[in-house]
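*Asks:* The chain contents come next:
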Amino acid sequence: MTWTRKDLLTMRALDASEITLLVDTAGSLQEIAGREIKKVPALRGKTVVNLFYENSTRTRTSFEIAGKWLSADVINFSASGSSASKGESLIDTARNIEAMSPDVVVVRHSSAGASELLARTLKCSIVNAGDGCHEHPTQALLDLLTIREKKGHFEGLQVAIVGDIAHSRVARSNIHAMRKLGMTVTVAGPPTLIPPFVGELGVKVSHRLEDAIRDVDVIMMLRLQQERMTGGLIPSLREYSRYWGLTLDKLAKHARPDVLIMHPGPVNRGVELSPEVADGPYSVILEQVAKGVAVRMGVLVLLAGSKAAAQA
Amino acid sequence: MSPSPPARHREKAQVLDEAALDRALTRIAHEILEKNDGAKDLAFVGLRTRGVTLAQRLSAKIARIDGTTLPVGTLDITLYRDDLDLRGAPVIRGTDIPFSIKNKTVVLVDDVLFTGRTIRAALDALIDLGRPRMIQLATLIDRGHRELPIRPDFIGKNLPTSKKETVAVRLREHDGEDRVVIEEPEGA
Numbered sequence: 010m011t012w013t014r015k016d017l018l019t020m021r022a023l024d025a026s027e028i029t030l031l032v033d034t035a036g037s038l039q040e041i042a043g044r045e046i047k048k049v050p051a052l053r054g055k056t057v058v059n060l061f062y063e064n065s066t067r068t069r070t071s072f073e074i075a076g077k078w079l080s081a082d083v084i085n086f087s088a089s090g091s092s093a094s095k096g097e098s099l100i101d102t103a104r105n106i107e108a109m110s111p112d113v114v115v116v117r118h119s120s121a122g123a124s125e126l127l128a129r130t131l132k133c134s135i136v137n138a139g140d141g142c143h144e145h146p147t148q149a150l151l152d153l154l155t156i157r158e159k160k161g162h163f164e165g166l167q168v169a170i171v172g173d174i175a176h177s178r179v180a181r182s183n184i185h186a187m188r189k190l191g192m193t194v195t196v197a198g199p200p201t202l203i204p205p206f207v208g209e210l211g212v213k214v215s216h217r218l219e220d221a222i223r224d225v226d227v228i229m230m231l232r233l234q235q236e237r238m239t240g241g242l243i244p245s246l247r248e249y250s251r252y253w254g255l256t257l258d259k260l261a262k263h264a265r266p267d268v269l270i271m272h273p274g275p276v277n278r279g280v281e282l283s284p285e286v287a288d289g290p291y292s293v294i295l296e297q298v299a300k301g302v303a304v305r306m307g308v309l310v311l312l313a314g315s316k317a318a319a320q321a
Numbered sequence: 665m666s667p668s669p670p671a672r673h674r675e676k677a678q679v680l681d682e683a684a685l686d687r688a689l690t691r692i693a694h695e696i697l698e699k700n701d702g703a704k705d706l707a708f709v710g711l712r713t714r715g716v717t718l719a720q721r722l723s724a725k726i727a728r729i730d731g732t733t734l735p736v737g738t739l740d741i742t743l744y745r746d747d748l749d750l751r752g753a754p755v756i757r758g759t760d761i762p763f764s765i766k767n768k769t770v771v772l773v774d775d776v777l778f779t780g781r782t783i784r785a786a787l788d789a790l791i792d793l794g795r796p797r798m799i800q801l802a803t804l805i806d807r808g809h810r811e812l813p814i815r816p817d818f819i820g821k822n823l824p825t826s827k828k829e830t831v832a833v834r835l836r837e838h839d840g841e842d843r844v845v846i847e848e849p850e851g852a
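These protein sequence lines map, in sequence, to chains A and B. Count along the first sequence starting at 1, add 9, and that's the number in my numbering. Count along the second sequence starting at 1, add 664, and that's the number in my numbering.
Source of the hints: derived by calculation from the structure; they are not laboratory data. Quick caveat: nothing in here was measured; it's all calculated off a predicted structure. We put the CB at the ideal spot given by N, CA and C, even for glycine. Treat the hints with caution; some may be incorrect.
[What the hints assert, rightly or not] What the simulated footprint calls covered on chain B by chain A, stretch by stretch (three residues with Cβ under 8 Å from a Cβ of chain A suffice, anywhere in the stretch; the number is not a length): (1) 755 to 761; (2) 785 to 799.
[To be verified] The calculated BS3-like cross-link candidates involving lysine-lysine, where the alpha carbons are at most 25 Å apart (straight line), are: (3) B:K821 to B:K725; (4) B:K725 to B:K699; (5) A:K47 to B:K766; (6) A:K48 to B:K766; (7) A:K213 to A:K259.
[To be verified] Computed spacing ranges between beta-carbons, pair by pair: (8) B:G702 to A:G289: 50 to 60 Å; (9) A:P266 to B:T690: 52 to 62 Å; (10) A:S80 to B:I814: 16 to 26 Å; (11) A:R237 to B:R795: 46 to 56 Å; (12) A:I84 to B:I814: 30 to 40 Å; (13) B:K704 to A:T193: 54 to 64 Å; (14) B:R757 to A:P266: 28 to 38 Å; (15) B:T713 to A:L295: 27 to 37 Å.
Using the sequences provided together with the hints, build the complete structure.
*Replies:* So this is what it looks like as structure tokens:
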């Protein structure tokens, strides 16, 4: 199995063996983080551009570190303080960046499909680092790597994804990937935050936290994305937190003792996760972040090293 | 690490059978001990995949001869290759050296030595992990055609080949048999 795609845009487009290859490659690269000299020459002379139209700390930093550990030159471009704020269109900005011959462009944008548009327009490899409410494939990959290291396998695992499913690209990427890997997924949240046809993705739907987290191997809590909400979706933060916030008490009563608690970050402490749970023994939130660097190294190596990219 | 065969190959000649392969490794084990005045501060690092297996066998032989069990590490040099662009998407299986190589004499083990480019990459990869006191090179087959100034310290067999032939080291653990053969492309 080798990688043949020019871009990484969605988990939906990948098959199980491609997802496994990405997770395996990331797993092998983890040892670099433990080295005294955290640098390998694999992407020497390659240029990676981080093109971020939305705020990001974790993902952008993670791609930047990943690129630098692989010896690529990494250039960060954020929409504020650039020509995008002067009214330049996404495609014009991207064409201008392409004129500077990057090998990989990592793009985050508030519109679904933005990375796909760039992939069709530009010859270099495109990595989707989150497009609106659509997909965030590298987040799903780091979640999968974390799950496999903790549980040893994928097949047959039960996962509950809880909270703001409607606005979550993390949920969508994970649902597609987990279904392909033979996992059972339940999405849970207030009806206003569950997309109407989510059942068509092959997931179960629950409207009670207590039911959703019973007997599952993994609980993935999502952030309430207030910046994407137009209002009126939840009565109040306090009520949301009371019904949908994960606390030690609810865990002890309803969840398995060996459950994994995951969160893609940033955490709204006291809203979807109580601080005791976020920092507690079941939480693997910081391991997810550490694995993010390995996943992004894997993606960059496979894309920049693939023949599809070289010949495009 | 031998280059992956570009097309179907047929066997042209057998170079080593099981007994000869084993004798070659026994001799290399003795030579390693002789050259280093014993097994003190020695460590093996094998190149994926068959170099690791050979390193484990050498370590077992030295344990039998000298009573010292030397550690064996695994090196994946994919990230250090100079031809990543030419080979298609890389397959990375990871480096695993669970001991410090600092101030050790590291014996690098590969199955076939050819252009020397793999060893060049391995030297860079190893030195990034620490500063060994010395690095020595052991290879089961030296088939010539070097493109870099690299010379092995321990050789199982010198084997003059043509560039279009390939040398296949088959080991029980991977291929179900212990044998070294020369192959040539079908129709050649």
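*Asks:* For every hint, state whether the structure bears it out.
*Replies:* Hint by hint, here is what the structure shows:
1. Coverage of a stretch by a chain is defined here by at least three residues with a beta carbon nearer than 8 Å to that chain's beta carbons; for the stretch 755 to 761 of chain B and chain A the count is 6, and the condition holds.
2. Look at the stretch 785 to 799 of chain B against chain A: 5 of its residues bring a Cβ nearer than 8 Å to a Cβ of that chain, three or more, so the hint holds.
3. For the proposed pair K821 (chain B) and K725 (chain B), the alpha carbon gap of about 18 Å is at most 25 Å, so the pair holds.
4. The straight-line distance between the Cα atoms of K725 (chain B) and K699 (chain B) is roughly 16 Å, inside the 25 Å bound, and the hint therefore holds.
5. Note on K47 (chain A) and K766 (chain B): the hinted pairing holds, with a Cα-Cα distance of about 17 Å set against a maximum of 25 Å.
6. For a cut-off of 25 Å, the pair hint linking K48 (chain A) to K766 (chain B) stands: about 18 Å separates their Cα positions.
7. Only pairs whose Cα atoms come within 25 Å are accepted, and K213 (chain A) paired with K259 (chain A) is accepted, the gap being roughly 21 Å.
8. Look at G702 (chain B) against G289 (chain A): about 52 Å separates their beta carbons, and that is inside 50 to 60 Å.
9. Here the CB-CB span from P266 (chain A) to T690 (chain B) is close to 53 Å, well matched to the stated 52 to 62 Å.
10. Remark: the range hint 16 to 26 Å for S80 (chain A) to I814 (chain B) is upheld by a beta-carbon distance near 23 Å.
11. Checked against the given bound of 46 to 56 Å, the beta carbons of R237 (chain A) and R795 (chain B), roughly 52 Å apart, stay inside it.
12. A C-beta distance of roughly 36 Å is found between I84 (chain A) and I814 (chain B), which places it inside the suggested range of 30 to 40 Å.
13. The beta-carbon spacing between K704 (chain B) and T193 (chain A), approximately 56 Å, falls within the hinted interval of 54 to 64 Å.
14. Checked against the hint of 28 to 38 Å, the pair R757 (chain B) and P266 (chain A) passes, with Cβ atoms roughly 34 Å apart.
15. Roughly 34 Å separates the CB atoms of T713 (chain B) and L295 (chain A), a value that falls within the hinted 27 to 37 Å.
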